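Enquirer: Let the sequences and hints guide you as you build the complete structure.
If you're matching them up, the sequences are chains A and B in order.
As numbered in our numbering, the first sequence has no gaps in its residue numbers, which increase by one up to the final residue, 242.
As numbered in our numbering, the second sequence has no gaps in its residue numbers, which increase by one up to the final residue, 683.
Hints listed in this document are in silico derivations from the structure and should not be mistaken for laboratory results.
Being a predicted model, the structure only gives us computed values, none of them experimental.
Yeah, the Cβ is synthetic: ideal placement off N, Cα and C, and Gly gets one too.
One should not assume that every hint holds.
Cβ-to-Cβ under 7 angstroms is the rule here; a few derived chain A residues that face chain B [said to hold, decoys possible]:
no.	residue
1	K171
2	V172
3	S177
4	G227
5	P230
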Amino acid sequence: EPEVTQTPSHQVTQMGQEVILRCVPISNHLYFYWYRQILGQKVEFLVSFYNNEISEKSEIFDDQFSVERPDGSNFTLKIRSTKLEDSAMYFCATGRDGNQPQHFGDGTRLSIL
Amino acid sequence: AQSVTQPDIHITVSEGASLELRCNYSYGATPYLFWYVQSPGQGLQLLLKYFSGDTLVQGIKGFEAEFKRSQSSFNLRKPSVHWSDAAEYFCAVGGGQTGANNLFFGTGTRLTVIP
Chain A
130 EPEVTQTPSH QVTQMGQEVI LRCVPISNHL YFYWYRQILG QKVEFLVSFY
180 NNEISEKSEI FDDQFSVERP DGSNFTLKIR STKLEDSAMY FCATGRDGNQ
230 PQHFGDGTRL SIL
Chain B
569 AQSVTQPDIH ITVSEGASLE LRCNYSYGAT PYLFWYVQSP GQGLQLLLKY
619 FSGDTLVQGI KGFEAEFKRS QSSFNLRKPS VHWSDAAEYF CAVGGGQTGA
669 NNLFFGTGTR LTVIP
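Expert: Below, the structure written as structure tokens:
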């Protein structure tokens with residue numbers, strides 16, 4: 130079964146540094162999402178992306194965050210200047226269309242020092 | 569605003585016993601409802617979904633869930649639990665403003681299975 134692939138599995142970064150998390154969606158999927166899960170808390174929606182633009186974003190997704198599909202295959206989440214509170218598991222999810230279930234990757238654990 | 573409540577933080581059941589995990593949601597329209605399972609260090613795997621139609625939905629691994637509009641509930645059930653079912657279970661409601669249905673998750677229920 131096709132999978133959503135996320136890299137790296139674990140990223141350790143100094144506070145204030147930029148970080149880019151990568152996701153390879155399932156090939157025929159058109160809707161892309163990022164979620165995060167702070168340790169011990171629930172999974173929270175960050176942003177949805179369709180047709181090369183953001184469809185919707187949560188209040189968490191402030192100016193420090195950005196998303197793009199730089200080469201038509203990878204879907205990336207960039208955090209411009211990381212803060213300690215950005216430490217979390219970040220999940221990429223993709224869907225064939227907006228009404229179909231989302232398939233999640235295994236996540237990237239981001240640790241900010 | 570959309571929200572999901574999973575009132576049980578942690579449930580322990582014996583292997584072979586039946587299981588019911590509770591989920592209540594708040595959503596203004598007909599919701600899209602999901603149950604996902606997360607094993608330690610893993611991503612979220614879809615167990616089942618409800619979009620419309622039959623309110624009793626079957627999923628993978630022998631799980632089922634029943635949508636009850638009058639109670640705003642979507643409880644997950646399994647008649648006989650296996651040790652491999654030990655994991656974190658998340659209920660979610662889909663409800664984006666646009667065609668993309670971003671998910672709102674509950675806080676999860678951690679299931680422990682004892683021999």
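Enquirer: Which of the listed hints are not met by the structure?
Expert: none
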